[in-house]
Amino acid sequence: MELYEKQLAEAARKAAAEHMAALYSDMDRMLCEDISRAEKYTIQRHDKRQLLTTVGPVCFTHTLFRSRKDGTCHYLLDEWMELDAHERLSSRAEAEVLAEAIKTSYASAARVLGEDSLISKTAVMDKVHGIQTELPFPKPEKKKCVEYLYVEADEDHIHKQEKNGTEKKGSIIRKLLYLYEGQEQKDGRKELKNVFYLGGLCSGGEANRHMFERMHEYIDTNYESRYLNVVYISGDGGAWIKAGAEYIEKGVPVLDKFHMMKYINKASNQMLDEAGEAKGRLWKALYKGKKKKFVKTIKAIRKCAPNEKAVNDCEEYLLNNWAGAVRRMQDKNVYGCSAEGHVSHMYSDRMSSRPMGWSEAGADAMCQLRCYVKDYGEEKILELVKCRRSHKQEEATGTEGISVRPNRGYMRSLLLHSHDNDRVYIEKLQATIPNIDIWKKLAIRERLGGI
Numbered sequence: 145m146e147l148y149e150k151q152l153a154e155a156a157r158k159a160a161a162e163h164m165a166a167l168y169s170d171m172d173r174m175l176c177e178d179i180s181r182a183e184k185y186t187i188q189r190h191d192k193r194q195l196l197t198t199v200g201p202v203c204f205t206h207t208l209f210r211s212r213k214d215g216t217c218h219y220l221l222d223e224w225m226e227l228d229a230h231e232r233l234s235s236r237a238e239a240e241v242l243a244e245a246i247k248t249s250y251a252s253a254a255r256v257l258g259e260d261s262l263i264s265k266t267a268v269m270d271k272v273h274g275i276q277t278e279l280p281f282p283k284p285e286k287k288k289c290v291e292y293l294y295v296e297a298d299e300d301h302i303h304k305q306e307k308n309g310t311e312k313k314g315s316i317i318r319k320l321l322y323l324y325e326g327q328e329q330k331d332g333r334k335e336l337k338n339v340f341y342l343g344g345l346c347s348g349g350e351a352n353r354h355m356f357e358r359m360h361e362y363i364d365t366n367y368e369s370r371y372l373n374v375v376y377i378s379g380d381g382g383a384w385i386k387a388g389a390e391y392i393e394k395g396v397p398v399l400d401k402f403h404m405m406k407y408i409n410k411a412s413n414q415m416l417d418e419a420g421e422a423k424g425r426l427w428k429a430l431y432k433g434k435k436k437k438f439v440k441t442i443k444a445i446r447k448c449a450p451n452e453k454a455v456n457d458c459e460e461y462l463l464n465n466w467a468g469a470v471r472r473m474q475d476k477n478v479y480g481c482s483a484e485g486h487v488s489h490m491y492s493d494r495m496s497s498r499p500m501g502w503s504e505a506g507a508d509a510m511c512q513l514r515c516y517v518k519d520y521g522e523e524k525i526l527e528l529v530k531c532r533r534s535h536k537q538e539e540a541t542g543t544e545g546i547s548v549r550p551n552r553g554y555m556r557s558l559l560l561h562s563h564d565n566d567r568v569y570i571e572k573l574q575a576t577i578p579n580i581d582i583w584k585k586l587a588i589r590e591r592l593g594g595i
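The sequence shown begins at 145 in our numbering and counts up by one.
One should not assume that every hint holds.
Said to hold, decoys possible - PhoX-like, lysine-lysine: derived pairs with alpha carbons at most 25 Å apart:
| id | residue 1 | residue 2 |
| --- | --- | --- |
| 1 | 401 | 476 |
| 2 | 423 | 401 |
| 3 | 394 | 410 |
| 4 | 394 | 406 |
| 5 | 518 | 337 |
| 6 | 440 | 423 |
| 7 | 518 | 530 |
| 8 | 394 | 288 |
| 9 | 337 | 423 |
| 10 | 447 | 386 |
| 11 | 436 | 401 |
| 12 | 453 | 435 |
| 13 | 440 | 401 |
| 14 | 410 | 447 |
| 15 | 434 | 476 |
| 16 | 476 | 337 |
| 17 | 432 | 406 |
| 18 | 394 | 423 |
| 19 | 447 | 437 |
Since the hints were made in silico from the structure, they are not lab data.
Working from the sequences, and respecting the hints, build out all of it.
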């Protein structure tokens with residue numbers, strides 16, 4: 145039965161490819177017969193073209209036309225299908241390649257279309273680098289009404305690849321923002337509610353501003369501003385994270401308690417036997433929001449500390465992030481920050497789990513793609529592909545004003561022709577697969593023989 149299943153799949157795939165080839169050729173013929181086309185373009189020659197699809201290579205005829213107006217040449221079918229002259233993949237095939245590249249590697253993605261449709265790792269890389277991820281946010285039917293929103297941010301490092309593709313020197317910083325509406329219990333675990341991700345390299349103040357403005361745009365698109373009281377922006381206190389409050393309306397900074405704890409523990413441990421008491425005083429000063437009390441305690445610790453650097457680092461870190469630290473301790477609506485775990489989940493299993501280096505363009509595109517898939521699902525990658533191809537075809541194309549859709553009379557003849565083709569494909573399918581009754585008998589005998 146396994147062999148039968150394999151033969152059936154191969155035959156169906158081949159028949160589907162032949163059917164698509166016939167469809168594309170029919171569309172080209174319709175362009176040749178179109179009256180409005182004849183007024184604008186003359187036929188030059190008929191050529192063959194191969195396109196790699198999800199059902200295998202598809203070979204079809206496309207016609208080269210010359211414009212009567214300016215003498216330029218066009219493959220009108222290609223332009224209508226939004227295919228560049230050197231494009232080898234259909235839109236859906238490209239989407240499948242990207243989906244695999246996001247999850248595994250360029251090498252695996254190069255083989256995802258099948259043995260008869262192999263492409264190079266470089267071709268996969270070019271697809272990843274060229275994808276467009278900044279699409280307008282879809283508008284909801286109705287905006288949500290919430291009092292509090294939460295934005296958390298963090299960054300991570302990956303190996304940088306030099307232009308020669310071999311050496312790895314230095315690192316690249318990748319950043320992640322994600323928004324959620326709160327926490328909820330599911331199967332005994334706390335989960336973030338309605339999470340939305342944005343990511344990329346975002347090196348430099350302008351790029352950081354753009355990412356936070358994109359998040360503000362998403363909030364403005366999906367939530368009623370008049371009901372929203374606060375947007376909490378949590379992180380490790382980095383300058384780029386605190387700056388987010390300037391770009392997101394009603395945004396306020398919140399310091400991650402994990403980093404607060406790390407600095408306080410290092411400073412208070414300088415007191416040895418009195419470390420517990422020193423730690424308690426520092427936390428109490430933060431909880432009460434008493435900066436003078438905090439500074440006084442730090443000075444007392446410094447006098448006895450064998451390592452003043454740990455104490456100075458704690459003082460500098462918490463005083464520079466005082467408002468966010470106090471808010472974390474006092475505001476009951478604030479949740480714990482889990483940004484580091486999200487960065488690992490979103491990026492590391494694909495970009496840091498292997499001893500590889502990344503170019504800046506590739507790392508930025510991969511970060512954005514993984515966020516996009518997390519937000520909208522793999523099936524939406526096709527929209528990214530279509531968006532990229534439509535942008536390339538925005539300049540005047542030869543199919544403007546020409547309909548490649550058949551009129552009612554031609555539709556009937558095309559359907560009859562398609563029906564005849566279907567019958568031929570079914571006959572081919574039946575001819576390539578042994579009689580099903582024989583397979584049934586063989587399978588039954590094989591099963592009986594094993595009893």
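Violations among the numbered hints, reported as their numbers in ascending order: Hints 3, 4, 9, 10, 18 are the ones this structure does not satisfy, whereas the remaining hints hold.
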